[in-house]
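A.B. asks: Given next are the chains, with one letter for each unit.
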Amino acid sequence: MTETILINIALVILFLPLLGFAATINLGAKIKKMYYFEIFIITATLILTIIAAFFKLSDFVNTQIGSSFTWIAFDTVKIDLGIKIDNITVIMLFVVNLISFLVHLFSLEYMKGDKRFNRYFAYLGIFTFSMLGIVLTDNLLMMYIFWELVGLSSYLLIGFWFEKKSASDAGKKAFLTNRIGDIGMFLGILILFANYNTFNFDVIYSQINLGILPFDSTVWLTAAGILLFMGAVGKSAQFPLHVWLPDAMEGPTPVSALIHAATMVAAGVYLCLRLFVMLTSDAMLVIAVVGAFTSFLAATIALTQTDIKRVLAYSTVSQLGYMIMSIGIGAYAFAFFHLVTHAFFKACLFLGSGSVIHAMHHSQELEDLGGLRKKMPVTYLTFLISTLAISGIPLTSGFLSKDGILAGTLAFGELTGHWLIPILGFTVALLTAFYMFRLLILTFHGKPGNQEKYNHAHESKWVMAFPLVLLSMLSIFIFYTPNPISAESGWFLDKWISTPETVVPESTRFEFMKSSDSELVDANFVHSKLYEETMHHVHYPAMILSVLLGGIGILFAFLFYQWKKINVDKLTNSIRPLYNLSKNKWYLDEIYNATFINGTLALSKIISWFDQYIVDGIVNGTAKITKIYSTYIKWIDTYIVDGLVNLTAILSGIIGLALRKLQTGKVQTYIVYVILSLLILLIVFKPV
Amino acid sequence: MAQVGLNHFLIVSALLFSFGLFAVVTRKNAVMVLMGIELILNASNINFIAFSKFGNFAIDGQVIALFVIVLAAAEAAIALAIVLNIYKVFSNVNVDEIDNLKE
Amino acid sequence: MEGFPILSLITFLPIVGMLIILFLPKEQQQAIRLTTLLITFIQIVLSVIMLMNFDYKASGIFDNSTFQFVEKFRWIEIPGISWLGTVKVDYFLGIDGLSMPMVLLTSIVTFIATLSSWNITKAVKGYFSLFLLLNTGMMGVFVALDFFLFYVFWEIMLLPMYFLIGIWGGPRKEYAAIKFFLYTLLGSIFMLLVMIGLYFSAKETLPDGARVFTFNLIELTNIANYSADGILAPMNPNNWRLVAYIALFIGFAIKVPMFPFHTWLPDAHVEAPTPISVILAGVLLKLGTYGMLRISFPIFPDITLQLAWYIGLFGMINIIYGAFCALAQKDFKKMIAYSSVSHMGYVLLGIASLSTTGINGAILQMFNHGTITAMLFLIVGVLYDRSHTRGIDDFGGIAIQMPIYTGFVTVAFFAAIGLPGLSGFISEALVFVGSFGSENIRILAMVSTLGILLGAAYMLWTLQRIFFGELNQKWNELKDLDWREYSMLIPLTLIILFLGIYPSAILDIMNSSVKSLVDFIITNANNFYITSL
Amino acid sequence: MNIYDIIFYLFAGITIISGFLVVSVKNIVHAAFYLLFTLFGIAGLYVLLGADFIAIVQIMVYVGGILILILFGVMLTNKIVDVEIKSESFQVIPAIIFIGILMGGLVFLMVTTNWENNELIIPLTTTKILGNIILTDYILIFELLGILLLIALIGAATIARKDKV
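Here the protein sequences line up with chains D, P, L and A, keeping their order. Okay, so the first sequence: first residue is 7 according to the working numbering, each after it adds one. Okay, so the second sequence: first residue is 172 according to the working numbering, each after it adds one. Okay, so the third sequence: first residue is 62 according to the working numbering, each after it adds one. Okay, so the fourth sequence: first residue is 72 according to the working numbering, each after it adds one.
In short, the hints are calculated from the structure, not lab data. This list has only true hints and no planted wrong ones.
Calculated from the model, a selection of chain A residues having no Cβ within reach of chain D, i.e. all distances over 10 angstroms:
1) Tyr75
2) Leu142
3) Gly217
4) Ala228
Stretch-level coverage of chain L by chain D, calculated; a stretch enters the list once three of its residues show a Cβ under 8 angstroms from a Cβ in chain D:
5) 417-423
6) 562-573
Note that the structure is predicted; figures quoted are calculated from it, not measured. C-beta atoms are modelled at their ideal positions from N, C-alpha and C, and glycine is treated no differently.
The following block holds chain D by itself, in its conformation from the complex (with noise of 0.2 angstroms):
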């Protein structure tokens, strides 16, 4: 196995779905078992990723192999495209793939009988390709192209059933917030090529480690770091644009877990990794408190929804702030396991509750479920685990990649002093664990809430069952890490993922990230061994509080909704106006349609009616005058020119009849005037 090698299995992987995308696409309305095509290429990508990854994690763990070629030229701009393999990448490839893979099985049984469903099977092979481009590309300008094709698959997605008019709208919806995130991350890919000159990662990198600034200012390097995050804001549904997430789910459920829990929605995480040597302090701070700010909004939204995938949409919204905010605080390594283990215990409660609509006959409100416990053993137990996971349990791989982030935060805290961070954090902890037990309990405990639906319920068939039971194995920690406790021993953070060395300028550098600090252990960059000490040491602390706060939170999940030892009805009336909040996604979507939607709008139709009316009545405005200026020149035309020459005519006339003597009728008459007047004519004009 050789570099080149590699290279070309990387390309194979890339092209592979597209191939698929094409093939389904355009024969599929011919051939009617055309998705097997489809399920045929996923899985050979599946396979052909398996090899890159093991060859790359064995024999190239500490080697970054990338290749490139040049796509546009002219005068002094050269664009190229290419790709970089590292182990962030062969990771991120395997978990989209793998993910892609199940869910390909899955909508087998769950999408059977959708009038379109090769399109379908299309649109995830397009979907696929797109992230796989985002997860192997090597510059700015490729992550901005397959950034919007994930886009693109997305909005197909979502407005897969577009018959029903909240699905188009959801799909709308999810593209055009994402293309203010867009908008913003494609100023800073501008910026940083007037600069450079390059959309490459890496040379960007070394040119800014040179002391080389945009526009010799560390502003533009802050502005630059805060507009690229604009991206993954849209992209990973972080506030202010995380409205459109929950709406997405208007989505088949497969979809779901596979683009707006699993990958499409961690690519904004992804995004800020690759970016990550580039945020100076600021911009790193803007990050920490957006992602914050996210996770608690989403948490207290999701307490007090109804719907079992919004709930799930608006945890996956909270634990993607957790994976920014990682990244805010500095913890690299840590946010990307937890975008790893989210995705797939996450992925695996979005199937879940696929089986469970699925077996429920497309009805997803709380209230209509409950008591499927006994219905659906291998769904309820490989749920169970996933929520586990995501609560932070120890034993599972949540509670390692959780308990990271935290002692990250409170590192963090105690460093920096900004201590509102692992405030929220913990809260977080102590809502996820509440409304994720709520879930469950009102799903798979009680009573069933529609007794003619729960009768007709009955276990997934094993398409739809192995995935479930494959992803919530994947959220157990021995794939991680053979110890239960700290993930830092095992290979995941120790030998494949390590922590790049910012190239900032030492003073946009936090206090504990200066380069004085740093030191190699091991081939490995620790980029802030005083971060490093301050998190060991305030690791058992943070492991111990988030256990607690976790056991609390599903304690009182239990006490409301399994043994209703308190009356959910009299606490929500007792606080209504935070219920009201809560439940009414604090209001944003409706503030939104206020004023930006509505604004929008109103603005187009003023500007249109100043168009139409000002701008064209202008025009017409002009040509009226001149229409009236025309009636007056008509008047003046008939009767003073016109009078004139109609003056002229008369005395014509008048002259005429005087003259009509000299009219003989005669030749010879004519022939003498003729010749006079031309006498006279030669005689006036004679040349001297």
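Assemble chains P, L and A onto chain D, guided by the hints.
C.D. replies: Leaving out everything else, chains P, L and A in the frame of chain D:
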């Protein structure tokens, strides 16, 4: 009397032209009118040839004169044919009576 | 290829076709259509032959020797009118990297428009004769290198367009046609004035050493050719170059169309029959920006540099203003028309950057907008043919009834939005990269990015209202595409996809020309500045 | 007064006097004969001007052709039996006034105009030169005249034909 030069020829031609015009204007008989026209044409021919000798036209004047003669011949033929036709219709060739153009 | 008059051939072939059609009896409609199709197809073949023989390194712009396929001989010569001197006009054709993509675009778009004209049934003979005449005018403008000749072709276009809208148009055709005509004529008058001013300001040296006034666009770029007291001579301290530039610019801006001279466009588009809309949007709008690049920029480099910011400002206004107007439209075709206004704004923004990236992007955008908007208008035409209405809210759920059509619509809409992988993206991106990189208009570029969002908004909103949702039962008889519509849409889709993946196919053609144009403007603008001091 | 001048005055006198007689005599036949003298006189002037070929053509065409034609016209339009073939005049007085003015004006013009006057040496015989120039520079006009004559021939015959078909 000065040395015979251009002017002498021109004066001859002018007089001839006037006579011709006089014939055209005054005579009733169409054939006489035709003769007047012949005089006018000859007058112009004299001018052409005189200018050919004294002016800047070299031999070209003579060529034009030649063409005028040919035209005159053609004109005479046609004109006489017309006169014959007029005679057939009006039984005379007096131009002062043939004034249908009037009114 | 030496000596073969391929440019004359490609320009005047339609005239030949027109004569053939004029000799065909009126009833032979199919023969008339096939003749036109054949002529336009030969044009495509010729332009491809030209492309294959095209020297990618030759720059053109201001350098006489690097124009290609040049044909030059004396067309009009009136000797010795005392104060005029010898009036002489050359028949001077030639192309460089600026015009080659436009020639290619024109031949492709007219071919597609011919296909789209198949269902014109009213006065077929007259229609196709005028159509071919229009074709000659457009081709001629792109290949002419003599200002006089340029102007002649420019005016030749006007007349057939007037009749094509005024006779074969919709309900308010007379209004639209006369509006179009007067507007464009106004622009022509400005152009004519500047043309005459330039003529009396510069002289070219003939091979025999004589100095005569000139319309030659290449000679006019050379500062040494200006006489010191010429009204538009840069070294004349009292010159009128700024006024002339603005006049010329307005002349071209009307064609673009640039705010506030754009209001003829929605009317003309809405009333014109589909193929004419296709040509209008696909080719005619490009003439304005082409004229700026071919005439305004190299001849007035000093003023160009001086006014670049304003050009960029108007580009920005076009982008955002057009997008807002498009958002408010209820008429499908009008919406597309305003989207054209918005998209041509990118071209203005790109050329205002005066950087190779920006201008490359702008020309590529001209090409891409030509193909994409052509496709959009065809799409409107397809729907209008079937339903005889264009109100966006009259539809709903068409995707259920016409899935393949919807597929093409999606491609076209997303190309217009600037989705990567389709051609619109790369040109918009280059425009932004170029304009952002130019310090002068950086802020304008940043504001203009709002257009990306608004563009997506109006396109997707329209897509949703027409194609998604429950099927409006009024339309459950609509048929999906037929072979003729496939033959129009598939080539355009392929071009859009191909240029999205491999934009260098067009970029390489114009690289050297754009580079020399930019260098020329920058160096000469400074020279002029020094001399005028 | 040299011999050239004398000959000029001789021919000019013949021309003018007979020309005057042409327009003044009443009898048409007489007028035709006076016209003969006029044409001869003009031919003489041509010779004086060095145009020998034109002079010959003048005599041949005018005297031999046109004059005969005119005589035929006179014969055909007046009854032969009516010996007194006379032609009346009308408007004589105003015509004389007009013509007098005209003559005066013309002579005034001729005399006062500052003609370019550079006398050429005309070669002895012009026939060859004329032939050359007609068949080279004036070939088109020559051809056209040929056609014109043909048309005149046919036209005259058609017009004068007795019965119209």
